[in-house]
Amino acid sequence: MVLPNLCQTAFTVLRQVEPIIVLEMLGSTLFDTALALVVKDRCANATYPDLSREDSQQKAMTDFFMAYNLIIRLAPIIPALLLAKLSDRGRRKAPIVVPLGGYVLSRLGLLLVVIFRLPVEVMFGAAVLFGLSGGFCAYWPGVMTLASLGSTATDRSKVMMRVELLYGLAGLVGSLVSGHLFLLYTASLGEGIILLIVSLLLHLLCLLHSIFLLQVKHVSDREPEENCHLLSHTPDNTAVVEAPAGINMVNVVMLFMAAILYDFAVGGAIEILGVFVMKEPLSWSATQIGYGNAAGCTIFLTSFLGVILFRRCISDVMLILIGMISFASGIYFMSFVTATYMFYLARSLTLFALIPMPTIRSLLSQQVPASSCGTTLTFLQLALKFAGLAYIPAFTKIYQRTLDWFPGFVFTLASIFTVLGMIPIRYLVSRFIRTIKFLAVSVCLSIHKAPLEKSHKNLT
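Numbering (the working numbering), first residue to last: 16 to 475.
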């Protein structure tokens, strides 16, 4: 009797979106480590006038990743919009299945580059294929849409952070083993090939799972109307601010501004961080790169615990501010890192850096009906992609020009943009407080008005 129940429970879990998140992240972390190390190897002999050998390698690597990441952000724009429309018309699996096909093709591309010693620029073509499938720009809103529609507005922030937690834990495991797998080789299989084969198999398994096992919960358009609350609620749910009849564009715009500025800071810093640790004085090996990525993935866990802890006593908008302050302090300290232990100290300061984005997505999803949820989250993801078109070349060129005198300047710049991102959130906090005060005054007036009306009726 127990065995059938266990089998039924396991089958139910397998039909959820969570196994896809785990498999995809495991494969992606293996791929990211492999790509960084392959590019480092291919750029080892790069030379530029007036630059040392190490600075020439850094410039070649940053130029490659700038072009590669720009393609990944630009190519998915139209496909992601089309997939979002399909999602909102009931085909919820489309934004997940199609991008996963692109993941498989791009991983296969890097495997071919390594096996046949093809030019690393072949990966630009793989990035185009990945982008035309919708890429992460379509995949992640699709995952978040399924997660949000399967939860209530009260629990939505917690559910989305749980998705981020699974994503981070899978990344932690993948990062810890990625460096070791990269170093595995045989007489017939060169360095990095085993790592890429495992990554490809994980993504292929993920694609098959999404096609044949993933179950989609269908939500009617009437359900979200009762969940469409403004911004935040108090921890005990005693005071809930109702949304206006239409979408409050001020709140939506402020949330978009905060998300874009914060993503500009985080994306720009992380864009350079992977190259920064490969130069002196750190000069990390494959194993150390994996451990460094694992430290970044640990933030998913600490951010999830932060949401569970802080939501008991503070609102969602204050959660966003805490996360932004955490990242701003940690990335500022990263500017002055000269040893490995200092890197991990800086990372430890960013314990809650992943709280803002899923919380912002949660708040946005509460402002729109289910029929527009996928489109809204995709528009946010596209806005972040357009921000990437600006911060990728900006941070890359600034890093290249400051290599000689202050390589960590880009991290200080990221800290400044994070502080700017706090301004729209601070406005929302003050706006929310004013709303609460107005409601409190209204309640007090209604309480005092009732006895007066009763006494007036008695007199008459």
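Please note that the accuracy of each hint is not assured.
FRET-style restraints, in silico, Cβ to Cβ [as the list claims (entries may be wrong)]:
#1 K100 to L320: 34 to 40 Å
#2 S67 to I340: 36 to 42 Å
#3 H195 to P19: 25 to 31 Å
#4 R68 to T302: 22 to 28 Å
#5 L147 to R30: 15 to 21 Å
#6 L147 to I413: 45 to 51 Å
#7 T62 to L297: 21 to 27 Å
It should be emphasised that the hints constitute simulated quantities derived from the structure, not laboratory data. For glycine and all other residues, C-beta sits at the position ideal for the given N, C-alpha and C.
Between S67 and I340, does the beta-carbon spacing fit 36 to 42 Å?
holds (37 Å)
Cβ distance range 25 to 31 Å for H195 and P19, holds or violated:
Once the Cβ atoms are compared, 39 Å apart, the range 25 to 31 Å for P19 and H195 is violated.
T62 paired with L297, Cβ distance criterion 21 to 27 Å
holds (23 Å)
Range first: 45 to 51 Å. Now tell me if the beta carbons of L147 and I413 are that far apart.
violated (30 Å)
For the range 22 to 28 Å, tell me whether the beta carbons of R68 and T302 fit it or not.
Since R68 and T302 have Cβ atoms about 23 Å apart, the given range 22 to 28 Å holds.
Is 34 to 40 Å respected by the C-beta to C-beta distance linking K100 and L320?
Cβ of K100 to Cβ of L320: about 37 Å, so the range 34 to 40 Å holds.
Please test the hint of 15 to 21 Å on the beta carbon pair from L147 and R30.
With a Cβ separation near 29 Å, L147 and R30 fall outside 15 to 21 Å, so the hint is violated.
Figure legend: structure checked against the earlier numbered hints; hints not met, in rising order: 3, 5 and 6.
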